[in-house]
Each structure stands twice: as structure tokens, then as C-alpha cells.
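Sequences and hints are given; from them, build the entire structure.
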Amino acid sequence: MESTAGTFKENAKQALADAKLRDALAKLSDGFPVKRRDAAARLPEFDDLCDQAKAIKEHVLENLGFYLEAFEARVTEAGGTVHWCRSAAEARTTILRICKQAGAKTVTKSKSMISEEIAINEHLETHDVEPVETDLGEYIIQLRHEPPSHIIAPAIHLTKDQIADTFREKHSHLDAARNLEEPETLLEEARGELRRKFIAADVGLTGANMLVAETGSIVLVTNEGNADLTYSLPKTHIAIASLEKIVPTLEDATTILRVLARSATGQDMSVYTTFCTGPKRAQDLDGPEDFHVVLLDNGRTKMLGTEFHDMLRCIRCGACLNHCPIYKAVGGHAYGWVYSGPMGAVLIPNLIGLDEAHHLPNASTLCGKCEEVCPMRIPLPRMLRSWRKKQFEQEKTSFVSRTALKAWAALARRPWLYRLAVAAPIAVLALLGREKGRFRWLPLGGGWTSLRDMPAPEGGTFISRWHKERQP
Amino acid sequence: MSDARTDILAAVKAATPGTDDEARQRLADHRAGVIPARGRLGDKARVDLFIREAERVNATVARASSMAGVPREVARFLAKNNLPMNLKIAPDISGKTIPWTEQTLLSVEEGRADGSETAGVSRAFAGVAETGTLVLLSGPGNPTTLSFLPPTHVVVVAASEIAGDYEQIWGRLRAENADEESEAGARFMPRNVNWITGPSRTADIEQTLLLGAHGPQRLHIVIVDE
Ligand code: SF4
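If you read the protein sequences in the order shown, they are chains A and B.
Per my numbering: the first sequence = residues 35 to 506.
Per my numbering: the second sequence = residues 353 to 578.
Quick caveat, the hints were computed from the structure, so don't treat them as lab data.
Some hints here could point you the wrong way.
[Claimed, not checked] Here are some chain A residues pointing at chain B (derived, C-beta under 10 Å):
{"id": "1", "residue": "Leu98"}
{"id": "2", "residue": "Ser121"}
{"id": "3", "residue": "Cys310"}
{"id": "4", "residue": "Val407"}
Please read all numbers here as calculations on a predicted model, not as lab measurements.
A virtual CB, placed ideally from N, CA and C, is assigned to each residue, including glycine.
Laid out in C-alpha cells, this is it:
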């Protein structure tokens, strides 16, 4: 996907002025976080499970080579094929080749962030293969030619009226006067349209929430059941996954599943959790005859052993987005690429480079809420700070902030000068503001005073008061 | 250009310290992690918990005292919901195990689903009380499409097959298919293991919960006590 991360500031400004987006994001704030909290509270073992889930992925990352080879051996033994791909381009070529070999005209897809990452849809389209997104949210944004705005709720930025308009425009073979006011009717229409596509599809392309080394299984988690129709109806099933999705055993997958849905939607378990192993067996009445796993690196191995290593534990639950004050204000599109929120701000610079994504690590208040709710205990704020440090070292921060930081550092290292530099302006401000007690405008303070008044200081600096009040 | 597999594995191994022994042992042991206490109950309480959790996620549950009682329960459910009396059933629960013909109102056909059916009936391998989850295995006698294409899905599960937690089901699966287990350990898995927790749903439109997104709108569970 083309990135617009470079214009984050402009994107964010636009987003803040979008009233419909604000309504949609307000609904998100009331929804997921509350449900997550309740689900966690209902399970006394939740915290222990998170600790274990984290330990599982830590162990996997330490033994990643072994597990990848074990996984490949099991897939092959079950009759499937593993395709190793270093880059997005290699993955696109591989998937297109499998589609062409299958003689595919239509490919149904269930939601996969990796497929967004490699922009497979555009690639298939230009080679006369029609990709059809089947997750309801993904289907809606595909019709609108938009990227997902949330890793688990891709159409969270849209209101039902916008969706109705899109359906009216794109489903032009249906009665123009039909009623599309209720979410139910929208769902029914999409279900009908997609039913025909499911039945007609030649290839089903899914992601994978996990890859199980013990059995060579891929794990698919959905609520709609679209992934299950995607793999069970066509002749060929392709699953695409990045290589850190590996877990050792079915028991390890189970531990992670216990925290995944609870963190994501606040469900105890998603409706459909499926373990697919190999192609259909000879006597089976349905299921795909060919099974392929496309194993993608695309920048992951470069993160191993670096300060961003821990990010590879991420299970894409979306909890850090749902709890992030910045995400909740600007939504996912402002981040300008496939991922968003705190996990996006850490991951995107790793995948597309700090030059393009240099604003993202600054799109955070470092309030720490993301780390607090992350089931994999990923230290997101620490990693955001690492990016900021790198930016400073590589001189990618603006001249103004670099100069200001240097000036501040010079003061902070000289306490007497610092005290003087703080006490003098405070005394002046206290004097000037003694009548009204506040300022409506301050030189260099426009960022603050354009939205609210600045209270006038009273009673000297903290340090002077500390010295005074500590005396018995 | 060297091959992608070699490159990726070389990069991974250069960056990771693990010794294969520990990982190999972990695969062989497949040890369970923390198992929530919630499911650790006596037989009756466990089935009750399963029912409560399944209903919480919008499934409906009925009980039959024996396999012979299943057709009557299914007919009653269809009539109550004004649904057509046609069933596509999994070969595993054909007339040999369940006397469908005794319910003359029902019209029953065996096989996989193709999208024209109004209701599918499957046989579950197990139930999990912890979250009211059904576990279905694909196979010649239990086609996967029956669980996803028809708008109504009926699942038959024996009370004795309802376990407290998922780990017990993995244990059962490994044990029951042990003769098929190769040295590598993968062969006990069928093509699909489907965990089903309630009927299909979506909240993609303004976070409004709607049932029956692509999969079935109704999930009806018949627990057989004997
Ligand atoms: S970083 Fe943590 S909270 Fe965010 S998506 Fe990943 S696992 Fe979930």
C-alpha cells in the first residue's frame, strides 16, 4: 500500500475536522474498552494467562528458526506447501502464480493485515484476477477503495448512512428505491452479494492468527464465519502469514486464544476458531484440494534482537488502539499506512522506514495506557521513545525542537541557572497577571492560549515553596 | 540470487540464541498452561455451565434423553421458529444412529451443503463448558460446509463429551487418533478442527451487534444425556 504517513500532521488535522469520524470514534471509546475490562474481570486467571502468552512468544522468538522448520515439515507431511518470501514483492508474485496455476478468475479473501501490507488486491486486479474481501468491514472499504482504519474493525470510521450510499452506488443492479436505513438490511444485502462470490471463487486467500509448529496447522479467528467459507468452498486455499505468528503447540495456541478475543472485542472467545491442517483428506466431502502457506518476512528478521524485538510478540488484538487518546482523536487513516495506533507507530517505521514514518512515534502522549492493556505486555512507550531518540540522533527532528531541547539540556545541567531561568519569568508573569489571575494571550504561547486561558502563577516556584514550607 | 528460505533461516538463526533441544522438548511435552478454574466442575455442574455460556452467546440449547429423542427435539425447534422442516445432515448421524424417519414431518437428506439448504445438522466431537464452545472435526462423516452455509445450524453433542476446558479436548484427540499419530505427531489432526461459540455475528456497522453475518444466524445445540 502507498503510504501517506509522511503527512501525518495534515492527515490528523483533517481527521479532527471530520464530524462523522468523531461520532464513529466516540462509539469506539464507549464500546471495546468497556467490554474488554468486563471480560478480563470475569476471568480471575486473565493476568496469569497474559504472562504466559508473553512467555510463549518470547520463547518462540528465541527459537524461531527451529519452529519455522518444524512447521514447514508438518505442513509438507500433511500434503501442503510452504512458500518462503523475503519481501512483499516475492509474496505477491508467489500468490499470483498459485492463482494462475489454479486458473483463478475470482479469489475470495478473509481479513488479513498481511495481505494489506503486501497490497495483494491491486496486484491481482492488474493481472485479471478479481479479489473479493468477505469480512463485512473489509468488503465495505474495498468498495470505497479505502484502507482499513482499525486492525480488527476496518470500517469503524464509517456511519451507516455512508455505507448505505456506497451500497447504492456500487450495487447498481439492485432496485434504486430500496430501503437501506437499518444495519440489518445493509448486512442482508452484503450477505447476498457475497454468497454468490463465495460459491464462484476458485481460490480462497486467508491470513492466519497463528501457525502451530507441532501440527503444521494455521489458526483462523473470525466472528462472521467468512474465513470458513473462504477456505472450504474453493479448490485452493492459500494462507498468508508473517513468520512471527508461530507458536509451538496446540496448548500454547490455546493459552493465547484465551487472551486474544477478550483483549480485542471483550468476547470470551470469538465465534469461529479454526485449525486447518493440510488439504482435504481423500474421503472428505468438502474442503480444498490444495493448501499453500505463504510465509512472509518483510522486515521481521531485521527486528530480531533489536530494541524493537518485543514488537514481534504482537497478536494484533487492537487493544492498544482502542485505549489510545491519539488514535481515538484522529482514527486510523491519519497514520497513513496499513497499521495504526501505538502498535502502528512502533511497527510502521520498522517496515517502511523512519524517513517516511517519522511523525508516527511522536503521535503519542506516552500516557502508558497501551502497555497497560496489551495482553502480550509489549513496552510500546519505551519503543516509541527509542524511535524518538533515533530521530534526534539522525537529526530528523525539526530545527526548533532540536534547539529547544539543547537549550533545555543546557539549563537542566546547571541547577542555579535553571532556577534563575524559571524564577524570573514566573515573577514577571505573577506581576502582570495579578489582577485577572489569567492570561488570554501570551507571546510564544499561542498553542496553549488559542484554546484556553493560562492561569497566572502564584506563590513562586515549586523549589522556593518547598524550601519555605519544609521549615518547621 | 540465493533462495528465500535459506536467506530467511540464516537471518533468523544469526539473531536468535535458542538451542533446538529446549524447543524439541517443548513440542514433545505439549504441556498445558494456566487452565481457568471455571470449568473444573462435577458432571452436572459442568453441563449446566456449558448451557449457560452457550446461551450467553446467543445459542439455544435443548436436551434429549437419548439419540432416539433427537429428531423430536429438532422438529420442535424448527416448528417453534417457523422454519422449513428440511434438514441436510452429516453422514455421521444418518439413520443408523438417529431414527430421523420417525418424525414424519421432517425431510432429511445426507451430505455436504451447497448453499441451497435451510438447516444443517452436525455431530460435535466435544463441547467446552468454559465458554460454551462446540468442537467439530471435519471428515467423511462430518462435512465442514454444513456448519457455515445453511442459515440454521443444529449440533448434536453428548453430555459425556462436554469437557471443562479446551486442553482436555486436545488430549482426547491425540489419544483417540494415536494409531494414526506419526513420529512427527501431526496426523491426529483432521483437515479442520472448528471451535464454534454461538451463531455468526458482526459489529462492523457502527458497532451494532447483528447475528448471521456469513455463517448461520441460529445455532441450536441438542445435548444427548445418555
Ligand atoms: S501491541 Fe499489544 S495491544 Fe497492541 S495489537 Fe499488539 S498485542 Fe494487541
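TODO: Determine which of the earlier numbered hints do not hold for this structure and return their numbers in increasing order.
DONE: As far as the earlier hints go, only 4 is violated by this structure.
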